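Protein chains in written order, with our numbering: chain Z, 1 to 114; chain S, 1 to 113.
Derived by calculation from the structure, the hints in this document are not laboratory data. Computed from a predicted structure; not experimentally measured. The C-beta atom is built at its ideal place from N, Cα and C for all residues, glycine as well. One or more hints might be untrue.
[Stated by the list, open to error] Have a look at the derived ranges for each label pair, beta carbon to beta carbon: (1) Z:Ser73 to S:Ser28: 40 to 46 Å; (2) Z:Glu28 to S:Lys3: 43 to 49 Å; (3) Z:Leu60 to S:Gly10: 25 to 31 Å; (4) S:Phe12 to Z:Gln54: 39 to 45 Å; (5) S:Tyr54 to Z:Ser66: 36 to 42 Å; (6) S:Arg63 to Z:Pro70: 19 to 25 Å; (7) Z:Asn7 to S:Ile46: 15 to 21 Å; (8) S:Thr20 to Z:Asn30: 34 to 40 Å.
[Unchecked claim] Which stretches of chain S does chain Z cover? Using the computed rule of at least three CB atoms under 8 Å from a CB of chain Z, they are: (9) 42-48; (10) 93-100.
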Amino acid sequence: DTGVSQNPRHKITKRGQNVTFRCDPISEHNRLYWYRQTLGQGPEFLTYFQNEAQLEKSRLLSDRFSAERPKGSFSTLEIQRTEQGDSAMYLCASSLVPGFYGYTFGSGTRLTVV
Amino acid sequence: AQKITQTQPGMFVQEKEAVTLDCTYDTSDPSYGLFWYKQPSSGEMIFLIYQGSYDQQNATEGRYSLNFQKARKSANLVISASQLGDSAMYFCAMRGGNEKLTFGTGTRLTIIP
């Protein structure tokens, strides 16, 4: 297992288009998290899953954002009708048990909305 | 609400010297965990070190140590014998009673040869 994988690494899209990102966590990890990082800031929590259940969503996750983890393995994050303010790095992390050493992050997907 | 404060936007350190990156936190949770992550230009968040709120001793991981002062609510990262490869963004983060990490704004560390 090579860690948390995110695809694509970079995405440029026109304002108003829909985009979808994928995250493949470490296979035995049952928890999966999405964070958003804007330029010059630390990552901000968006949502997390335990297996296929979405347990918490941040108020940052507007109704244009949706995340799924259909079979408790990979996850997708979709942004509909993208806006320039959505430009950011979207980071995925996974863990086996709550907290402690278990948060392993991927390399992120950098979204640019033009 | 949880808050992490990193007051050093950038630091320049001579190679082989030790460096301390500051982090203060605020939480009402009695049990919490403190993390330090390194983020190189590639974007990946690399876990460095963890300190639990009930841990009696300061955490150490190789060249990294965490100076945990609970009464002052500080969790400074100390890197001994800095190397050129240590140049990166460093983030302090906290996990409280819920699952999510709260991050600070980071410190950009540059190691000078």
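Verification of the hints:
Hint check: Ser73 of chain Z to Ser28 of chain S, Cβ distance near 36 Å, so the stated range 40 to 46 Å is violated. Between Glu28 of chain Z and Lys3 of chain S the CB atoms are about 33 Å apart, so this pair departs from the stated range of 43 to 49 Å. For Leu60 of chain Z and Gly10 of chain S, the hinted distance range of 25 to 31 Å is satisfied, since their beta carbons lie about 27 Å from each other. Checked against the hint of 39 to 45 Å, the C-beta distance between Phe12 of chain S and Gln54 of chain Z comes to roughly 43 Å, which is consistent with it.
Between Tyr54 of chain S and Ser66 of chain Z the C-beta distance comes to about 38 Å, which sits within the given range of 36 to 42 Å. Look at Arg63 of chain S against Pro70 of chain Z: about 42 Å separates their beta carbons, and that is not inside 19 to 25 Å. About 20 Å separates the C-beta atoms of Asn7 of chain Z and Ile46 of chain S, a value consistent with the hinted range of 15 to 21 Å. The supplied range of 34 to 40 Å is met by Thr20 of chain S and Asn30 of chain Z, whose beta-carbon atoms lie about 36 Å from each other.
Here the stretch 42-48 of chain S counts 6 residues with a CB under 8 Å from a CB of chain Z, which clears the bar of 3, and the coverage holds. Against chain Z, the stretch 93-100 of chain S contributes 5 residues with a C-beta closer than 8 Å to a partner C-beta. That satisfies the three-residue criterion, and the hint holds.
Violated hints for the displayed structure, listed by number in ascending order: 1, 2, 6.
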